[in-house]
Structure formats: structure tokens, C-alpha cells
Amino acid sequence: MTKVNMTRVRAVVRKEFREYRRNKFILYSMATLPLIFLIVPLATILNLPTSTPIAGVKGAVGSVLLLMLVIPDVLPATIAAYSVIGERDQGTLEPLLTTPIRRDEFVLGKAIASVLPAIAMSYLVFAVVVLSLRVGATPEVVHVMWQPAWFVAEILFVPLLATWSTWVGTAISARSSDVRISQQLGTLASLPVLALTSLMSFQVIKPTVAVALIIAGFLVVIDVGAWRVVSRMFDRERLITGKKAQVAGSSQASTH
Amino acid sequence: MKPQWFVRRRIGVGVRPITWQGWATSGGAVALIVVALVVLHGHAVANVLVVAIAVAYLGVAYATGGAHRPATQSDLDERLPETFAEQSGRFGSRDGEPAAPRLTVTDIHERLAPAASTGDTLATPTGPLAIDVRHLTKKFGERTAFNDVSFDVRQGEVFGFLGPNGAGKTTMVRTLSTLIQATSGSASVAGIAVCEENGVEIRQRISVMPEVPGLYSRLSVNDNLEFFVGLYALGDAKGRIARALHAVNLSTRSNDLCASLSKGLRQRVSIARALLSDPEIIFLDEPTSGLDPVATREVSELIEGLRSRGVTIFLTTHRLEEAEHLCDRVAILNTTLRIVGRTSDLRQQLFQRSLLVATLRPLDHPEMVFASIVGVDSWKTTAEASYELMTPDPRAAAPEIVRALVHAGADVVSIAESQHSLEDVYLQLVGEDAEVAS
Chain A
156 MTKVNMTRVR AVVRKEFREY RRNKFILYSM ATLPLIFLIV PLATILNLPT STPIAGVKGA
216 VGSVLLLMLV IPDVLPATIA AYSVIGERDQ GTLEPLLTTP IRRDEFVLGK AIASVLPAIA
276 MSYLVFAVVV LSLRVGATPE VVHVMWQPAW FVAEILFVPL LATWSTWVGT AISARSSDVR
336 ISQQLGTLAS LPVLALTSLM SFQVIKPTVA VALIIAGFLV VIDVGAWRVV SRMFDRERLI
396 TGKKAQVAGS SQASTH
Chain B
11 MKPQWFVRRR IGVGVRPITW QGWATSGGAV ALIVVALVVL HGHAVANVLV VAIAVAYLGV
71 AYATGGAHRP ATQSDLDERL PETFAEQSGR FGSRDGEPAA PRLTVTDIHE RLAPAASTGD
131 TLATPTGPLA IDVRHLTKKF GERTAFNDVS FDVRQGEVFG FLGPNGAGKT TMVRTLSTLI
191 QATSGSASVA GIAVCEENGV EIRQRISVMP EVPGLYSRLS VNDNLEFFVG LYALGDAKGR
251 IARALHAVNL STRSNDLCAS LSKGLRQRVS IARALLSDPE IIFLDEPTSG LDPVATREVS
311 ELIEGLRSRG VTIFLTTHRL EEAEHLCDRV AILNTTLRIV GRTSDLRQQL FQRSLLVATL
371 RPLDHPEMVF ASIVGVDSWK TTAEASYELM TPDPRAAAPE IVRALVHAGA DVVSIAESQH
431 SLEDVYLQLV GEDAEVAS
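Top to bottom, those sequences are chains A and B. Just so we're aligned, residue 156 is where the first sequence starts under the working numbering, counting upward by one. Just so we're aligned, residue 11 is where the second sequence starts under the working numbering, counting upward by one.
Okay, chain A solo, but in the shape it has when bound (with noise of 0.2 Å):
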């Protein structure tokens, strides 16, 4: 596999952030979203009688847990779907794939730029709503999430679920023609996975460090088939004119 040069994805994510930075629906996404995720949690925690029993204690924290694991699975996807549309809706495809860049080096940078916001997010969302578990829920519900198989599960499952979910908005938008279509459908086939992670966060299979280390290591095998995927998806012919290339004798297929 020919060597990605790093250089041209940092101008890809650098170039990203920075349109980021001057859209207002990215911002609102990434604004909202996770204020939405952070207030909801603390209300329904907070909220709990102290007279709750420990199965609904747990349940109500496993129902936390999913929530937190929402953010990264859906705000990359909204994200990534603007990345191939963005840039064919503004004209900017074309020049861009002129250049020297590899579609995997492409790929990467678009990636990067969706994931990177998606996981500060998380993490800092799931930080705020901890401490103020810590310092304001009842002693039962500290109990419950206070935790390690919580944490790492938080701090593994997080990057993992964004990258995939980074996939799947960009594959989609590789295809669609509608950015709007294409963020719809890359936050609904991201959901799947999250049922993955929530057979955890209700207890269906005990939380263990041990339990969130296989989920996560499934993840992993799950985020390079996506990746393998997306890559190939990437055609320059494709995406300029909307078809494969017809190549008379011979089928050609590289990374370039």
C-alpha cells in the first residue's frame, strides 16, 4: 500500500475545521446535540426518589450510559454526510481531485475532521454529567456508575463508534446527491452498532472491564471493514461523473 502523506491530510483537516468553524448547521450540530444529551441525563438521574430500587438505579444509569453513546454515533455522521456532498455542491470536488492527493489520504482527512470534534464532545459531555453525578446524585447512583468497566468503556467505545459512524456518513455521501437524504440515513445506519454497546449499558451482559474490552476489539474489526469500504468507494470517475469507468480489456482498481 503506497506510503499517505501526511501533509496532505493535515491540509484536508485544517481546510475542514475551518469551514466548520463558518457553517452554521455544523455548529448548531455540534452545539446542540450534546447540550441536548447533557441536560437530558442529569434531569431523568436527578430526578430519581431515593426510595428507587437498585434495578431501577440501574437501569436508569444504563439508559445514561446509551445516551452518552449516542454523541459519537451520531454527530460524525451528520458531519461526514456533508463531506463529498459539501464539496460537489460548492463546486470544490473537481479542483480538488485534480490535485496529487490519494483518495486515501482523502478519506483519512475527512474522517479526522469529523471525528476528532465528535470525541471532545463526548468526552467532555460524559465528564460533566459524571462529576455532577458525583456531586449531586443519590449515593445508590454513584454506586452503580462509579465504576471502571464504565470508563472504559466510555473512553474505548467513543472513538470507535464515531469512526464508524464517520464511515457511514461518508459512504453515503459519496452517493447521495441530497446532503440532507445523506445525513438522515448516515445517523440511521449508524445506529446498529449502538445496539451493541447497549446490551452492556442495560446489563443484558455484565459490564466487566473484560466485556468492554471484546465489544471494543469488535468495534475495531468493525471500523477497518468500513474503512477498506469507504476507500474503495472513493472513485475519482465515479464521483466526478456519477459512473464507474469503462476500460476496454482490462479492470483497473488502486488507491490512487
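Keep in mind that the hints are not guaranteed to be accurate.
Only part of the chain A face toward chain B is listed, based on derived beta-carbon distances under 7 Å [stated by the list, open to error]:
1. T162
2. G246
3. T247
4. I256
5. E309
6. E392
7. R393
8. I395
Derived coverage of chain B by chain A (criterion: at least 3 residues anywhere in the stretch with Cβ under 8 Å from a Cβ of chain A; other residues may be distant) [stated by the list, open to error]:
9. 183-190
10. 226-235
11. 299-306
Treat the hints as calculated values from the structure; they're not laboratory data. Ideal Cβ placement from N, Cα and C applies to all residues, glycine included.
Given chain A, work out where chain B should sit, using these hints.
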């Protein structure tokens, strides 16, 4: 043949309504969340809150009108191509200067004024091949974009690529710049075979300026150019950007948002972007499309400046006057390559040389006057008291013709060699194709 009517469809501006697919995916997302929570948990309050979140989130998406700003009419106008040439005029052949060393952006601005004002004629460059195309064909399914096209472009040459809309010009540029693959045939650019495996190496040596400037409207001019310096993985970004902006006289606008620039200024930024990497070959796809005469002249001067220092330019244009003025050679494409050569050669190839004679009154017996003149192959009446005399050597035949007319008692008003413009050549060839098609 020029169309009698030119209809430009106005495109609606604003946010598109929510489609059924939109509702379906939104509903699906909400349903999935609800099902997941009900099945896995059953905590009623949490379920309701999560559904509320999903609805609120989708509401934000719709309220903000999607991730892209609504297109303005000027954006949409800019994406529409010019549909036919509006200008025509006289031309002059270019002979002279050999190809000079390659130009860096530092040199361009310094060279613009002298290069634009000399008006010297230039010879067809004879250096090594910059572009070599052999029997190239590109098909999209059943539709053929171009078929069995062969030509070459020498280093330092300005090569004009002309043709009607849909002739395959832009597809040719995309093929040579490795954006799309040819269906059959071969080509080399900068001495490198055009294929996907060589794409990075070729794109490192060329620049392409598409018809639409393609700038990030939310970013400043400087940010746009900095991004592209990064994509070429080049050092000295600040220096390169400063020189490129200086070359297109935009140094003072580097911090302006591209959205705030006029169409002409955006085109100049696009040219600056093409200069950033000091390319060996620049592909310019309709560089003056939609520009006013002053901006058009500036672009032409820039092309002259680039040519004078040996940068190879592949220029597609509908402006025949521009092609005539700038190009060492032109090719006319209409799916197949109709002709290629210097404009003066094309005229001679297509049109017999002739003299146009006007007299004060119609001649009584023109056949008797013209039949006896040595060197005149044939003649015809073009209007009342106007005649066209076909001759292989107009300069030698003119005195004989004047003498014969005076001897016949005619009052000669004017005598001049007929001039055929590149537009005549173009219309002759494209008109033939239209006749064949009909």
C-alpha cells in the same frame, strides 16, 4: 451554426422541501431508537426523553436548512456554461520566439506587460512533447464523448481545443488530468503515460482550472490557496501564495471571503490557485467564461505571460477570437477530431485564396474581363458590382486584375484579399457535421 434562441432556465433559489425519503429516514431513526429502548430496557421516562431528543435533533436539521447554505442565483449562474461564442474577429499568425525556460509565479507578473504588448508573431513550438494523445476514445455507456482522437502538444505551446457544447472538450481535459479513464487508446502527459497508477505523478506536474472556479466560499482567499498548497505538499506556502496573488493582482484581497468576490475575481483566484505549484502544463477549461472584457483581457495577458516562458497551456474555449489571438495551434473537436493545426494553415486548408473586387457599377461582361487574366482560376459574383476571384497567389494577380478592369473601362472601388477568420473555419467544420447529422 449559431442558435437563434438562447434559453437559460432560471433555477429556483432556496431550501428544497422535505422529500418522502426524508420523512422515511427520519421516521426510521426515531422508530429504531424507540424499539431499541423498549426492548432492552423499559424505563418509560428515558424512552420518552430519547424520542424527544431525536425529534428535536431532526427539527434542528430542518430548521437550519441542511448543512449547506442555500445557493444564491449568482452561484447558480456561475455553474451554467456559456452556450455559444459571442465574439469573432480578425486574427494574425504568430511566428518567432523559441520556447523559453519555465516560468515561476515570481516571473509572471514581471512579464505580463511586455508579453502583452509586443504583438510579435510566434512560430509553432518544436520542442519535446508535453501531451501526446493516440487514438483516444471515451464512452459513457452507449454515449461516446470523443472517439479515436489523436494529437500532440509541444512544450511551451498554447494549444486551443475548440468545439461545440457536448463535443467532449471537458471530458478530454478530465481524461488527460487523470480524473477519468479513457475507454481505449493511449496518452501521455509531461512524458508520463496516462493511467490511474501514474495519476499522482501526473497531477503533481499539472494544474487544472475547471470552468467553475470551485472555491470554498466560506473561506478566505488565503485559506483557499493555503489548502491547495497543502494538497500539493509544497513548502513556503506564504511565499507561493503571495507570488500567485501578486501575479493576478489580488494581493490586497487575500483576507476577503471568497463568497464576497465578484465572478471575475473568483476566476482570478482560481488562476492563482493553478499557479501555486509552478506546473509544467496548465489545463484551462473556459477560463474567460462569463468574464467582462477587462477581466477577459487580464486573463489573456496572463496566458501570454505564461506562454512567453515556456509553460504549456491546453486551453478549451468557446471564444474563437481568444483562441485565434492566444493559441499557437488549435484543434476542433466534435466527438471526433475534425482538424488540428495553426489557424493560418487551417484557413488555407479549408478555403481557397481569393481576391474581393468591388467596382462602381456592375461590369457588362465580367466573363470576358476575368477569363483572360493569368493566375485567376475562377470567379463569381458575390453582390451587385462585387466579385470574388479565386487565385493561388493574390499578391501576384492583383495588379493584373486592376489593369484588366481599367482596360475594360471599369471604375475600381476596392480590391482586397479575402480574409477567413477562425470562426469561419469553425463554422465550416461544425456546420458540415450539423448537415451530416440532419
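Here's how the hints hold up against the structure:
{"no.": "1", "hint": "T162", "result": "4 Å, holds"}
{"no.": "2", "hint": "G246", "result": "4 Å, holds"}
{"no.": "3", "hint": "T247", "result": "5 Å, holds"}
{"no.": "4", "hint": "I256", "result": "5 Å, holds"}
{"no.": "5", "hint": "E309", "result": "18 Å, violated"}
{"no.": "6", "hint": "E392", "result": "4 Å, holds"}
{"no.": "7", "hint": "R393", "result": "9 Å, violated"}
{"no.": "8", "hint": "I395", "result": "6 Å, holds"}
{"no.": "9", "hint": "183-190", "result": "holds (count 5)"}
{"no.": "10", "hint": "226-235", "result": "holds (count 5)"}
{"no.": "11", "hint": "299-306", "result": "violated (count 0)"}
The structure is inconsistent with the numbered hints 5, 7, 11, although it conforms to all the rest.
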